[in-house]
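Visitor: Residue-level listing of the chains:
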Amino acid sequence: PCASGFQESRGCFTGICCSGAPKAQGEGGILSRGRLGTPSCVWKRCSRLCSPAVQQSEDTQQQIIRETFHLVSKRDENVCNFLEGGLLIGGSDNKLIYRHYATLYFVFCVDSSESELGILDLIQVFVETLDKCFENVCELDLIFHVDKVHNILAEMVMGGMVLETNMNEIVTQIDAQNKLEKSEAGLAGAPARAVSAVKNMNLPEIPRNINIGDISIKVPNLPTFK
Amino acid sequence: MKPLETAEVLQTSFFSQRMPAPIRLRELIRTIRTARTQAEEREMIQKECAAIRSSFREEDNTYRCRNVAKLLYMHMLGYPAHFGQLECLKLIASQKFTDKRIGYLGAMLLLDERQDVHLLMTNCIKNDLNHSTQYVQGLALCTLGCMGSSEMCRDLAGEVEKLLKTSNSYLRKKAALCAVHVIRKVPELMEMFLPATKNLLNEKNHGVLHTSVVLLTEMCERSPDMLAHFRKLVPQLVRILKNLIMSGYSPEHDVSGISDPFLQVRILRLLRILGRNDDDSSEAMNDILAQVATNTETSKNVGNAILYETVLTIMDIKSESGLRVLAINILGRFLLNNDKNIRYVALTSLLKTVQTDHNAVQRHRSTIVDCLKDLDVSIKRRAMELSFALVNGNNVRGMMKELLYFLDSCEPEFKADCASGIFLAAEKYAPSKRWHIDTIMRVLTTAGSYVRDDAVPNLIQLITNSVEMHAYTVQRLYKAILGDYSQQPLVQVASWCIGEYGDLLVSGQCEEEEPIQVTEDEVLDILESVLISNMSASVTRGYALTAIMKLSTRFTCTVNRIKKVVSIYGSSIDVELQQRAVEYNALFKKYDHMRPALLERMPVMEKVTTNGPAEIVQTNGETETAVLETKPPPSGVQPANQANDLLDLLGGSDITPVIPTAPTTKPAAAGGELLDLLGDLNLTGSPVSAPAPQIAQPPFLLDGLTTQPLFNDIAAGIPSITAYNKNGLKIDFTFERSNTNPSVTVITIQASNSTELDMTDFVFQAAVPKTFQLQLLSPSSSVIPAFNSGTITQVIKVLNPQKQQLRMRIKLTYNHKGSAMQDLAEVNNFPPQSWQ
Chain E
1 PCASGFQESR
11 GCFTGICCSG
21 APKAQGEGGI
31 LSRGRLGTPS
41 CVWKRCSRLC
51 SPAVQQSEDT
61 QQQIIRETFH
71 LVSKRDENVC
81 NFLEGGLLIG
91 GSDNKLIYRH
101 YATLYFVFCV
111 DSSESELGIL
121 DLIQVFVETL
131 DKCFENVCEL
141 DLIFHVDKVH
151 NILAEMVMGG
161 MVLETNMNEI
171 VTQIDAQNKL
181 EKSEAGLAGA
191 PARAVSAVKN
201 MNLPEIPRNI
211 NIGDISIKVP
221 NLPTFK
Chain Z
1 MKPLETAEVL
11 QTSFFSQRMP
21 APIRLRELIR
31 TIRTARTQAE
41 EREMIQKECA
51 AIRSSFREED
61 NTYRCRNVAK
71 LLYMHMLGYP
81 AHFGQLECLK
91 LIASQKFTDK
101 RIGYLGAMLL
111 LDERQDVHLL
121 MTNCIKNDLN
131 HSTQYVQGLA
141 LCTLGCMGSS
151 EMCRDLAGEV
161 EKLLKTSNSY
171 LRKKAALCAV
181 HVIRKVPELM
191 EMFLPATKNL
201 LNEKNHGVLH
211 TSVVLLTEMC
221 ERSPDMLAHF
231 RKLVPQLVRI
241 LKNLIMSGYS
251 PEHDVSGISD
261 PFLQVRILRL
271 LRILGRNDDD
281 SSEAMNDILA
291 QVATNTETSK
301 NVGNAILYET
311 VLTIMDIKSE
321 SGLRVLAINI
331 LGRFLLNNDK
341 NIRYVALTSL
351 LKTVQTDHNA
361 VQRHRSTIVD
371 CLKDLDVSIK
381 RRAMELSFAL
391 VNGNNVRGMM
401 KELLYFLDSC
411 EPEFKADCAS
421 GIFLAAEKYA
431 PSKRWHIDTI
441 MRVLTTAGSY
451 VRDDAVPNLI
461 QLITNSVEMH
471 AYTVQRLYKA
481 ILGDYSQQPL
491 VQVASWCIGE
501 YGDLLVSGQC
511 EEEEPIQVTE
521 DEVLDILESV
531 LISNMSASVT
541 RGYALTAIMK
551 LSTRFTCTVN
561 RIKKVVSIYG
571 SSIDVELQQR
581 AVEYNALFKK
591 YDHMRPALLE
601 RMPVMEKVTT
611 NGPAEIVQTN
621 GETETAVLET
631 KPPPSGVQPA
641 NQANDLLDLL
651 GGSDITPVIP
661 TAPTTKPAAA
671 GGELLDLLGD
681 LNLTGSPVSA
691 PAPQIAQPPF
701 LLDGLTTQPL
711 FNDIAAGIPS
721 ITAYNKNGLK
731 IDFTFERSNT
741 NPSVTVITIQ
751 ASNSTELDMT
761 DFVFQAAVPK
771 TFQLQLLSPS
781 SSVIPAFNSG
791 TITQVIKVLN
801 PQKQQLRMRI
811 KLTYNHKGSA
821 MQDLAEVNNF
831 PPQSWQ
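Read top to bottom, the protein sequences are chains E and Z. If you're matching positions, the first sequence starts at 1 in full-length UniProt numbering and goes up one per residue. If you're matching positions, the second sequence starts at 1 in full-length UniProt numbering and goes up one per residue.
Mixed in with the good hints, there may be bad ones.
To be verified - Simulated crosslink set (DSSO-like; lysine-lysine; CA at most 27 Å straight-line):
1) Z/K90 <-> E/K179
2) E/K132 <-> Z/K300
3) E/K132 <-> Z/K204
4) Z/K90 <-> E/K148
5) Z/K126 <-> Z/K96
To be clear, the hints were calculated from the coordinates, so they are not data collected in a lab.
Okay, chain Z solo, but in the shape it has when bound (with noise of 0.2 Å):
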């Protein structure tokens, strides 16, 4: 009896003080993937993590190594384990081995440098890498290299400097990676490893001559002095590399027959880093990289990755040039490798070389259109933008058809890509206009839903500068359409060029294919099943409505029809649609007369010439110059420049260009010339340069066709301003605001002359920061009568949406007493009223 209670005291004191010892790293594992869904897993996870928690809290050293390794493992899985972090700084403390190497391998799972915690091992590791055992050594300077932050690095240099000299060589290769980590973080302790360089190529040692290697190439990719320095070691990097390829088989260090190829590629990528810009280095190593070249066996891997080593680095120095021909002979045999990782990396590097090298990469052109027919989407990219870096105005045609036939048949993520490449290489070598048109058809036939967004205006563009071709194309686009317009780009395309050039189809005079028989109603047909298709997204049912609209100028018979369909659109619950139409029908019903004017067909506008793709990317930075270059409408007097002139006086940027209106015109062209000047100002206001101005921004529209009767009935509120007075000239502004629209001022220049002569040639230019928008009507006269008898009127409408506060440029031209004048002046005293 007696001995049985004590026995169980015993064991009741004994469980109440110390845990049960916690389950190893194994049994762990094996319990968690007994786990069948993830909530239990978790379960287990917390159930274990919870014992481990309190084992840390009871400062556990027999077992704490065990149970940072669990955690290390639970780490893995992806669950939390920073708690862990400052017991793996006690294990590094520990005497035990077995408990360093879990601590260190804990600190570089769980620590970085953005936890103050690290900075607490400094000592530690300083300590281990003094430690009289290799081993511990060798784990203090792998996580000083791999998760040392700067002040570590600072305070530790000095060890590892020390190391990197010593005779044993598993310290010296660790040291020498170590040294790479610590120039990386702090690159000014550079200078501290140079005379400890000086001996490392004399090692037998491959992993130390390997590391040195690493550390030489970090050395001279950060320094131009230590470039500059190291380059005496070429002969030396030579003569190993002469070694490893003409010593016979080694056990150390081959791997497929070829001894040592990891150390060759390092060696290689050093010569490349050392004979860069460099006409003695590189031809120190001429004759060795022949060899390489020519002497590599390439039925492995690894003699083709050397191989690739040795092309990228004649490629990159000054070599001869029958060498670089090697080169590019070679990665043309490695696109026709059976190895696909060897057909990536040459068309990786073709791509590199492209610029340089263009024709020995030209000569392997039929090879690298070959492998637009790879299975392999990596190598099939590749492949895409070699090509098209190959295409040039002799091979175009060629070119174009495979490209066009891999448009065909790619993959979907490839279209974008390759129909944008198209159509830069299309502008660029296009042979003819013909063949442009038809290469640019064919890309919007077969993927027409993946081109991008400019791609339509910019075809638009093309095509209505291309004037003699304005009937095919019209033609093949609606061939195109005709029984299919589900793609949204080649409808919008096919719906503006009908509009445009509908009678050009009608008629049927297309001169390079056999015309076709259509009639007006087949052509509305077509338009208004776009209407209605609910494939139709919004922005192609714009362009549809506005294409019948226009068509209600050039057809004759079907006027009727067209009035009706827009009439019924004016009720669409598509409020862009409803605003088309009922703006439409305004036009039919109560500015009839101006219609044929407003819709006449749109000028050809010349385009900057594009010549990389970097340009066509800048879209924004191109409208600018397209606004800029385009011609000034017909009947203006006022050469165009002179408005450039004035947007470069006022720094161009911000500003809103105004190509001003010519006095004196014939009432009929005034509406087209309306329409022209609203052309250009929608330009500026659209992130593309749509030639269909309509489309970009109808408010404005709107505006200028409804508001001119309802100028001058609002109240005079607004106090008069004189803008100018100098020589006699006197420039008075009077306000009126719009009252249908609220952010439109209206202002009314009224120029009178004090002098006793006449001013001739008058011309009145204004100019407005970005967030306004000016639209200058024609002046009453040219010419102001001299002795203040009579003047001259022009209106300006400022649109002004955010009511900021009035600013203009004016710029005034006239010939006064036979001299030619021209003044700038600024207004900023318009009154609150007249922008508030």
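Excised from the complex, chain E in its bound form (with noise of 0.2 Å):
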């Protein structure tokens, strides 16, 4: 008797991560500036709870993300990880199960088909997975690297479906494919990058006297922000 909908729907999760302590450490980005209490870094994987509530609009799915932080963001630290679904969400069949480190919030919204308390777990393996990736993470290197948070759940999660829990295999996986990118940007890139640098550079003149290579090789990695 369930609309086709529900079928579709089965097994799929989103992961929100919330961040949006009001009282985030000193420096709290958007937040402290104005903007309190609105998610800060969200992100959202194969947002497939294909029920077509759901599936409606980009305005639909951001108002998922507002009303979620609200709802889990008041709750008290000393109870339940567990939220029972509302109609925004796709019914009573599918629940938010949440854990919360430091300012961020891992939300993910799962359905009957998923033990609550393996998405618990479930969640640990993806946050300390990340810590590895990121050496430590922080806040800001979720927000700075929503791409890599991003391919990092690719080889979690696939579909709405757990793919992979093995944090080593999973780190593996990840650290080789960062390589690949890397060479090709090493062989491939080094002209264009040579080029960007050359006009970021802002001289008044041409650049007679440069030597691209030298600074293809100079080009550093990527900062860190921490």
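Take the two lone chains, each set in its own frame, and fit them into one complex as the hints suggest.
Guide: What follows is the structure in structure tokens.
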């Protein structure tokens, strides 16, 4: 008797990471600068809670995130980590399962085909993996490297289903892929980077005496934002 | 001079052809984070979007990747990014892994199957699935498994199936999940993956094992054939599970001291599906389940997750009874756990099993009740639901005490549910009427403003029916509202009861507890203060005014005071109240002789026994039955079931039942009977079975009381019809329209008999569609004399507010020549003037 949309949503979940404890440490990013209480870093993964209600539009998705953040952030520390689903996340079959780490909330929206307690462990694995990949992960890492977070999550969860829970395996595969990217940047990316470096110099004259090869070597690795 | 000039020319041409390099993603993020206001942020984003758009327009290949990455960041912040969709496709088609990575990520985030654009990807994905780099293949699988539409799945299922058979575990696990997605989208492709599943469970890699189990689960859930086919895998699954528990520490898969809990949970879930309704499979897994249940370390969440899954599997398959008790005891232990999450899942699963293993759950009742005091709302809610599920005849007193205490202290959001739960349970298991009324009274006084609307009429009905408790109830209610009339439902019930049983209150004849001394004036004081209190809702005031009016026949020395109150409210701003007051005033002035009969005590109503929450919710369905079950008016000679027969014949659902009034009744009783009749009709019209009919539909009441003398002074401009002419019995209808209320048609029937013998015990019954309301007045006689020597007349009043075409079914019963005759007829030939 279920609507077809329900069938499709089986097992799917979305991961939302909200950062927004109003009392974030001194450096609270956007938060402490006038937008208190709105989630500052949110990533959605496989937001394929395919129930028609949820798949509707960007607006709905944003609303879900706001609502979720609102619900989760007002909860006490000593209450359980499950929130029964409202209409917004596709009805009572779906639950929000979250964990709170310092200024970050990791929220998964899960239907009944996943074990509630299992998801709590999965979040733990996810956070530990992030920690390994970023070395002492902090909120800013996640904000400045949204794409990397997505890539890590893609090795853990695929199409709303758990793919891999072995942390070492995930880190190995991520490292290998990053290496692949870097090697491309080294070979094929050199000219492009050189050009961009030149352009960014904003010199009054043509840069006549600059050895392009040298620059490409000197271009530092991405700065770390700690 | 010359070289400098050249330089300038060169420079300008350089910049006019190409825009400055777009800023990097990290720079963009840093800039956006400096925004102080939302408006400032929006401005920055718009500026950057404009730059990105023009860069896209220039078909800039070098920076496309960077631009899309920035766009994804803006998308995350909630800004529109759909214009990047096509760029994602271009990135996917690029040869570089970096481009593909961002392109596929963008496709997953920005595209879905509602946009036709996604089909353009199909070919790229197909190529990438056959790529030489496993990571490119992985990206393609991931994207297909995430957002592939059914068309895409059809086209690419072959490739997925091929990858499912590779030896590369990185691809194999992704292919397995991709296959799940394909099956969800196109179930008929399931067969295709069947051969590939053969060797899946022999795999050593846990990632592949995990995803394979997911795939098998999906197939089993979708098709009974597959389920039967995969039952033979039970021993293999049991072996894998056993190895997991028995194997010592393996750093690869260890999570807080337990070997791959995720895989264990998955396998337990698959076993649950395989063992459901199958004796052999259940038998085969009994041992391992017992082993898991006893050997799992429970100091950490992971262990409990496995245990929880085991319990669910035990409860779902055909397991041994000992094992089931073990499972419920594990849940019982969970209830005492410090971790809120574990308490929560314990309550949730106990709630699922309470129907099947009621007694085992019952043993943990006190622990469950303790959870009502938890600070966590989610746990409280579960505990409340479970507590209600555990209430039965034996423990109702104790449980209700706890639940009433809970009702007292709980958050407002629980009060409505808790109150109706208590009402239901009290109705089902009340050990005595006194207890039942006490309990409900407690709910009304503690959470009065939270009870649902239907509680008031239900309660009134309950009180009406407990005849011996009237004095006690009214006294309790009187005391309850003495100082506090803020809880509307309580005040409504109390007003109604004081109105009905005010005489009992004043006479102080309560046996159940010490009677109180109240004077008539004190009672009226309270009702009047309800009337003037600004906390009272309009409906409540209505109850109060009606109660005062009723007291005019129950009290002896305060009638003048009542008259005064009633006349004051004749000019109330509240239309509802004013109407009532005017009607009651008329009752005092014009129809004082009818007043005692009209205000007689409400008759006892039999309620259909409600045996489940479902019935309570369906108040509409219940109304109908409640009316049918209503006892016929005491003076009626016609048993009500005959009217029901008629209803059955007519299809029941869309007609208004009418219980016929009987001929030859005492004049004094006629008023009461009229009221009864009105009561019945009003019950039909109102969504809840409100036994205070005056409140339900005042206009009809007004008609009933005031239009009677106006029947005949309208010009007889409507032609009469012959409604029935058979076997010598002829029935004519003549019509009049009331000139005070044009939607009322008054039909006078004249029955005559042309045979040579009298017709006796003649009863005329009529029914009309639901949009009408019909009222049958008493016939002039029950005997139709022979040879057309006399007629019976009977008046029917039809209220037709929507001015629809009149239709009527009639049923005639009489005795003629010693035999009982019965006939049915439909009257459709009403003249238009009678209803237009």
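Visitor: Hint by hint, say whether it matches the structure.
Guide: Consistency of the hints with the structure:
1. Distance check on the hinted pair: Z/K90 and E/K179 sit about 23 Å apart at the alpha-carbon level, within 27 Å; holds.
2. A threshold of 27 Å between alpha carbons decides the hint, and for E/K132 with Z/K300 the separation of about 22 Å falls inside it, so the pair holds.
3. Among the hinted pairs, E/K132 with Z/K204 is consistent with the structure: their alpha-carbon atoms are about 25 Å apart, no more than 27 Å.
4. Of the supplied pair hints, the one linking Z/K90 and E/K148 holds, its CA atoms being roughly 21 Å apart against a limit of 27 Å.
5. The suggested pairing of Z/K126 with Z/K96 holds, with an alpha-carbon distance near 16 Å, which does not exceed 27 Å.
This entry satisfies every hint, going by the numbered hints stated previously.
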